[in-house]
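Visitor: With the hints in hand, could you dock these two chains into one complex?
Listed in order, the protein sequences are those of chains A and B. Note that UniProt numbering gives residue 43 to position 43 of the first sequence, counting from 1, and the numbers run on in steps of one. Note that UniProt numbering gives residue 100 to position 100 of the second sequence, counting from 1, and the numbers run on in steps of one.
Keep in mind that the hints were calculated from the coordinates and are not lab data. Hints are not guaranteed to be accurate.
As the list claims (entries may be wrong) - Cross-link-like lysine-lysine pairs, in silico, DSS-like; alpha carbons within 30 Å at most: (1) Lys179/B <-> Lys39/B; (2) Lys97/A <-> Lys253/B; (3) Lys295/B <-> Lys137/A; (4) Lys10/A <-> Lys447/B; (5) Lys10/A <-> Lys445/B; (6) Lys441/B <-> Lys10/A.
Listed below are the residues making up each chain.
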Amino acid sequence: MHTRTLRKNKNFKYLVAMLLFFIILGIPSYIWTRKNVTTLAGRYNSPMTPIIMIPGSSASANRFDDLVKTVNNKYGEHHSLLKLTVHTDDSITYSGKIRANDTQPFFVVGFQNNADGYSNIKKQARWFNIAFNAIKKRYRFNSFNALGHSNGGLIWTMFLENDFNDSNLNINQLLTVGTPYNFEEKNTSNHTQMLNDLIKKRDKIPNNMTYYSIAGTQLYSDDGIVPLGSVDAGKYIYEGKAKHYTLITLTGNKAQHSDMIASNQFITIFHQYIIGNGVNNPNSPDSKQSAIASQ
Amino acid sequence: MRYTFPDIYNESMQVFFMRIQFNNKLEEKLILGTLKLQKFFIYRVIQRTLLLIFPFALFGSFVKIIQTVVIGKEGFLTDVFPDLSNDFIYRQIDNIATGLYNLSLGWISVIAIFGAAKYTAKHFNRDDQLAGITGVSSLLIIDYTYSKVQTFSFHPQILGMRGLLLAIILGISIGWIFKKTSRPVPDYVKLGGAPSVIERSFISAKPIIVSLLIAMLFSTLINVTYYAEAPGNYINALASEYTSKSPLGQLFKTFIFSIYTLVMSFFGWSGTYSSAGTEKMDTLSTVNLNYALNKHTAWNTPNPFTSSALYHAFATFGGTGAVLGLIIAILIVAKDEDFQTVARWAIIPSLFNIGSGLMTGIPILFNIIFLIPFILAPVANMTMAALAIQLRLMPPSVYPVPIGTPGPLIAFIGTNGSWQALIFSILTIVISVYIYIPFVKMAIKVKELDNLSLEEGVN
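With the rest of the complex left out, here is chain B (with noise of 0.2 Å):
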């Protein structure tokens, strides 16, 4: 078979293709769809800050692991085994892991902004340090709570993993009024001439002051508008007071808020459902909960199609996105030893459904290829899992699962100790490692050619 490929790839890279094999359309496509997109200055520069942000993501998921799971008030550990708290000892790695989680994951998206802004004002050519300290200004001004109370305050949402996308946008714009209102700097290394500061400092003057102006702006908006009920707000309402008496409808309603939680996830965004399960418990688990209590059993629950039943139960494991399979994925297949690090560091905090060390890492996010398994793996399992409870079995979750439990373990808890639900995570596992593999696989081949094409100097 002979493919022709795109005229921006010279002789050897030529020859380099032929002798990567595809194995279907789908898989050609998305693979040179990927790195055309890969030219992209934007997409480079995300690549890039992810991977700025990644080694901060990953010990912030650490922390975030002795937070919740070990000292958390409902977490995992502390509700398995009671025994292990003592108040003295608690409290002091309580605000230690507080400090250190705050101040890592925390405020992820102020270091991404500052990786966004830098690397795109390089891209143009501007003073990139001065422009990813405008970005982290910026940020912390939009962020800035107007408070009578706490004097030094910043809205702890918009910091962390959420605050993502925003971030990003943000610093690539800032970036871009780099390009628009300065002039590059002079290389003075090639000038042979010590750098003049406050030359340096005047060049980018005009772009701090609008970035800093326009901040202002909208974190004026922002304040004025917290009051009033966010968008988010009114999805978070219907995904936990609207309630549809159908089974059908309940599956519906599910699947929809499963998906879009996916899709927001995997573009930096929150979702409805969150994979540590904080969220309030809706109407109808409630309803559940109080059935499988006076019967004493889990099975022939009025709704059987809860998010608790199908989302948190199987499509969460590792993370959002079932991450699990994909790091058993990449342990099996995956010959590249970037993927086979960044998998290994993240096995701890994935088995406590802590998956922003890979989400960033790997990196997941802005990811076409994992796209399609990050939001297919969590849907399948659903699926099956539906299935299954329709077809008796399994009985649905709906007893009270400890946040941060493991995800296999989740529907195991949550049916009070259901063998078949046990079996039943292990297969969804295995299915979704499945799921996961051709997409490594794809990724690695993506990687291999993109590094081929930076060596080349194509880029």
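Bound-form chain A, shown alone (with noise of 0.2 Å):
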């Protein structure tokens, strides 16, 4: 009686319609689910890609604090940022704090030990394992741009070459700031034993990370500390291997080693390819599909 009256609706068509439009969704949709969990291991619906930043040598983790605010201003942008510094017992103290909903946060990793030299980098790597575990337990992102300031560059290499095997774990762009491949080795010829390392796992770089380089140079030869030829020893890593491979020399004002983060070109650089202004970056806060998001 009930169902005959219901017939006699003249909506009963658009009834039928919906539910005819679930169980023609519903089939394909159960089919990819079982596809998707067998085949992902775990696809977290991060909005997430925060920055990654480790310091060179002798530098803590308030290396960038200017760094941060100068973007910031200069861009009208609000990443927070959060400074983790690991002790020699494998401990990490934290400070700052990350903005809840804050697409791009940046992380800064320093080293209570941050002394240079082979034997502490390679520490120095195993301490940023550490720490780099703690940020994606706990943030969960699927996607990070990655700076390396001087021998920061070198522990991301080590790093990407040892420890960074995540298949659910992107690093989009990799830019690093005079980063001594060969110490202070001029010749690209001569490698030291760090370099001859580095290559020798090269095949672990990830080939769909973009990697841009910067290089200082004052009087053609080196950046008052790191020389060019250092530098460029980098290509013997990553040409071939990283998806692209960029080599940048930074000269004039503020092209010395350490004052190159500061200088307006490494800023100007430093937001276009590793925060990205739209176009190069999806989940940059000014593009398209966050602007869809945020609705």
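Guide: Have a look at this one:
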């Protein structure tokens, strides 16, 4: 009786259409979800693409405070900053805070033992892995961009070759500034022990990563500390392995090794390639995709 | 049974009232209360404003389907049918859809403030066209970003559906400023002379300047405090960061934030949870997902009462407020042509959980009668879902669900195709339909009485 009155209802066809729609979409959804769960070890719906930065030797996690401040002011953006310091006993201390809904926060990882030298850098790479796993576990992002200043770039390279093998996680762009792949050696044909070690494991470099290396020069040869040839030696590791390898030579005012990250040229490059101006990086705050997501 | 009716209704209304049967005290109170509320000019202004934005909201919701479901990066159809994607055509459709969306649903508040200011000024017999345009300028000034990068840009959040409450309040205030600082516009038709444009402009010069200056003040405040963490930010942070270990604590938290979201959406503001499911997964959901992936099952996950297991899976079909239930209820019981037309048009967007057409068309927004089922239906669904999960009748939804997945399929996909969850989803839809039915009947009675009082000229 009840069904008969319902069938007489002129909206009956709409209700049936609705039901059909769900059945038609339900079947492929079922197949998809089965396949998705088995093939993907886990796809987190994370809109966050953090920028993870490692300072050079003898600098602390506060090294990039000014850079973050300048970027936020200059481009009218609101990136938050969390600084981690890994101590020699593998413990981590935090300072700063990630704002909720920040899609591109900055993480800076510094080390209590921030001394130079191959053995120290190896230790620092291990400590970085501890910090990286901590933030990965806490913030659950699926992709990130990276910056390494000086030896920070060496730590990134070691980390990518030795510890970074997570199929759920993508490194989109890496930018290094004055990274001495061959220490103080000017001649690229003389390989140091470290460079040889890094070249040996170059197959592990993620092949979907885009790499930008900046070398500063004053008087054609070095940035005051690191020789151009030593930065250039990075090509033996990255060329042909990373998706793209670009070497940028920076000269003029503030091209000195430690000053470079305060130079306007660097900040422009950093913003364009690492933060992204909405074209390179779909997750940047002013891109279209995130504008839709924020509605 | 005889009821005594307010004196404001005349003889013929009394007769009409007697034909309307109230089923119970609550219904009577609600209907008479709504009718009384509708006597306030502010309520009338809000209703007319919602009607004004309805076509744009409906159009925008169709574009939004294309944008999020069909071409979105994590959209339902792109995920489920990956072969459909073709870069070039996709980009073109994407660009067109973005433009259409941004200038329909994306700036719905600008249209709303025009309506609110215009109708308020008209009520006070002031220059309504100028009031409406002043409203638009004021909102855009308030929303203007002081950015060095983009020279002409606005905060997109306030222009869309989320800024509706602000726009309506602001519009009414501007209409009121017109009342306070200008004199009535002379009725040129009655006077028989052509209107002097200059005179007309100067009558309204004062309220325009006052409104724009106040807007400037707000604009500065907003831009200065933009860096500071707004209260909404705190609540979002609380919802995604605060984690309770006990299941009861989780349940409590999910319910509180769901009700908060529902109430806020009712007033055209934004809540914690979005119906599109775009917010960041909270830590508990991530723990659940890892557990489920390790054990290859969604059963017995450590945090069964997360927002994705309860709110997103069982309280959002059709959009915020489980309004798919309302659509079905209207299609089944409503004889009213207007309701039917809106419901039919809203079917397609609502299948993908985009409810803005229905929210403004019925309207549900600010409509006291629908406040109860708008909160009750989702809460009832969530309560039953929580019970079913607790009693091990179905697993909680823990797997990732693409954005814009049709509501009834969210739990099905989120549990990796559990039939119990699918059957339970259908059950919750049926229940929400039953919750909505008596309120649809009430809304129709209110509409009939209201139309009659308009015809009788009581208003």
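Visitor: Checking each numbered hint in turn, tell me which of them this model violates, lowest number first.
Guide: Violated: none.
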